[in-house]
Amino acid sequence: MNGKQLKNSILQWAIQGKLVPQDPNDEPASVLLDKIRQEKERLIKEKKIKRDKNASIIYRGEDNSYYEKLLATGEVKCIDEEIPFEVPKGWEWCRLRDIILGTNAGKSPNCEKRPKKSEEWGVLTTTSIQENAFLSNENKVLPKHYVITPEHCVRYGDILITRAGPVNRTGIVCMVENNCDKLILSDKTVRIDYMHDYCNPKFLVFVLNSSAIHELVMSATVGMAASQVNVSQGSIQNTLIPFPPFKEQQRIINKLEAILPQIEKYNNAQNKLDELNKTAKDLIKKSVLQEAIQGKLVSQLEEEGTAKKLLGQIKAEKQRLVKDGKLKKSALNDSVIFKGDDNKYYEQIGKKCLDITDEIPFVIPETWQWVRIRDVFQLNPKNEAEDEKLVAFIPMEKISAGYKSDFTFDTTKWGTIKKGFTHFANGDVAFAKITPCFQNRKSAIFHDLPNGIGAGTTELKVLRPYGNTIDRWYLLYFLEAPYFIDEATFKGTANQQRIVVGYLEDKLFPLPTPKEQQRIVAQIEKLFEQLESVN
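For the sequence shown, my numbering gives the first residue as -12, with consecutive numbering after it.
Keep in mind the hints are simulated off the structure, nothing from the lab. Positions of the beta carbon are idealized from the N, C-alpha and C atoms, including for glycine. Among the hints, a few may not be true.
Claimed, not checked - Each pair of labels, with its calculated beta carbon distance range: (1) P382 x K37: 46 to 56 Å; (2) K35 x R156: 28 to 38 Å; (3) I31 x M383: 56 to 66 Å; (4) N482 x I31: 52 to 62 Å; (5) E474 x K502: 26 to 36 Å; (6) K37 x T398: 45 to 55 Å; (7) N(-11) x T60: 45 to 55 Å; (8) P382 x E62: 44 to 54 Å.
Can you make the complete structure from the sequences, with help from the hints?
And the structure:
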């Protein structure tokens, strides 16, 4: 159990009345609720608040079912299915609206996107509201001539809740317990005006942040995507709340404030351990991939021959593509890398023969062959298809990061993306050529594309093996190995750097026999699977 799970469990015990013992001498919550209704009536008569037409009383019937009576109409309905759990004797279920004075949100004018300075006014961003923590520096500076409305000002002691944003940032509650000078609410932040003498604000914050009650808030959200949902103030006010006696609220707070700092220490220690485990796993994976491309992961078998035969097959496939007009004749101008009698490595390009010993990064088995990537793969090949044909469109954000990366895609017509985008087809291997996606190993083997082809972000480099000469998974693992990832050089601005032109094309590629490629891939996957099974 991690720190967050432990905290959620303890909060659940707290709101179910299981964290501290009940005191039979406590004034029951039913009496407290009646006092709240009387106080509201007084404030209504004094015209300080308006009558809530949705105010209600929740009670337990003789059949042990829960019922809700609307005060405005007298209508009674059974709400058994809404009650998420039982509460102890002396506690009551109520709607949030029945124990608060109301809620209000602010405004979100066009602002300069920087935190305000001391003499300026700012509007809160939703990130200012963290679970049980208020971050006053998370704001945007208001325009100089913006008219401040007092009811929108953030005050010490306010309870705030986010009402809009991504799913993981909506319905988060905190109490303002630090400096909040010259800040106003935004339209995505809501203040809950609680009744100081009848409800402990810290208890209310813990209740609303508990997983069970948070789920009730989130069940009322609307929105088309997880990236942007919202919940109305009415829905927030309608949330069911377990309500204990006033003195028990304080006992629960005292217990939580003693326990939660210890949970935070546990959580920090757990996070450090998780990070250490992840780092260790990543280092082992890097080591496995490096061993693999150096020919140290599996043994070489004499009956599998050598990679020279494979080079002949690649050359034959290239000649066929040239003959069919699908490849330029210049692609046949391969270099040949060989080991001389003096144990040095040479590269022959036409009639020139260069000593490239200093380029060779490591020793490979005698059955393998050093080649240039440009000589054994088509780089950024082009597709041909009818404009109306449905194909895949893949922006960078739809490609996963990490080992054995994958992707998702949108479907569109070929005519809309055939120009201005990088092409790819089933079986192509691609990787991100920009930082930080490159170091994060954003790469993929394309498969199951609509009509077998697609296009996408120009920040991809695409490699297409000639026929079935080179195993796609061996290529992908090569692209994720330290030899390829860690040695890349970049150019460009700090925010957008790309690998230098020629890095991929000129990179030396250790080529095993086809069968050994398959055995290497199988061994990598076996070792990675074993590694992931280790806690």
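Distance restraint evaluation - K37, T398, Cβ atoms, bounds 45 to 55 Å: Holds, since K37 and T398 (Cβ atoms, about 52 Å apart) stay within the stated range.
Beta-carbon spacing of N482 to I31 - inside the hinted bounds 52 to 62 Å or not: Taking Cβ atoms as reference, N482 and I31 lie about 57 Å apart, which means the hint holds.
Consistency of beta-carbon spacing, K502 to E474, with hint 26 to 36 Å: holds (28 Å)
Verdict for N(-11), T60 (Cβ pair) under range 45 to 55 Å: About 47 Å separates the Cβ atoms of N(-11) and T60, which means 45 to 55 Å holds.
Verdict for K35, R156 (Cβ pair) under range 28 to 38 Å: Holds - the Cβ-Cβ distance for K35 and R156, about 33 Å, lies within 28 to 38 Å.
Pairwise beta carbon distance, I31 to M383, judged against the given window 56 to 66 Å: holds (57 Å)
Supplied distance hint 46 to 56 Å, evaluated on CB atoms of P382 and K37: holds (49 Å)
Pairwise beta carbon distance, P382 to E62, judged against the given window 44 to 54 Å: holds (52 Å)
When held up to the earlier numbered hints, the structure conflicts with none and fits them all.
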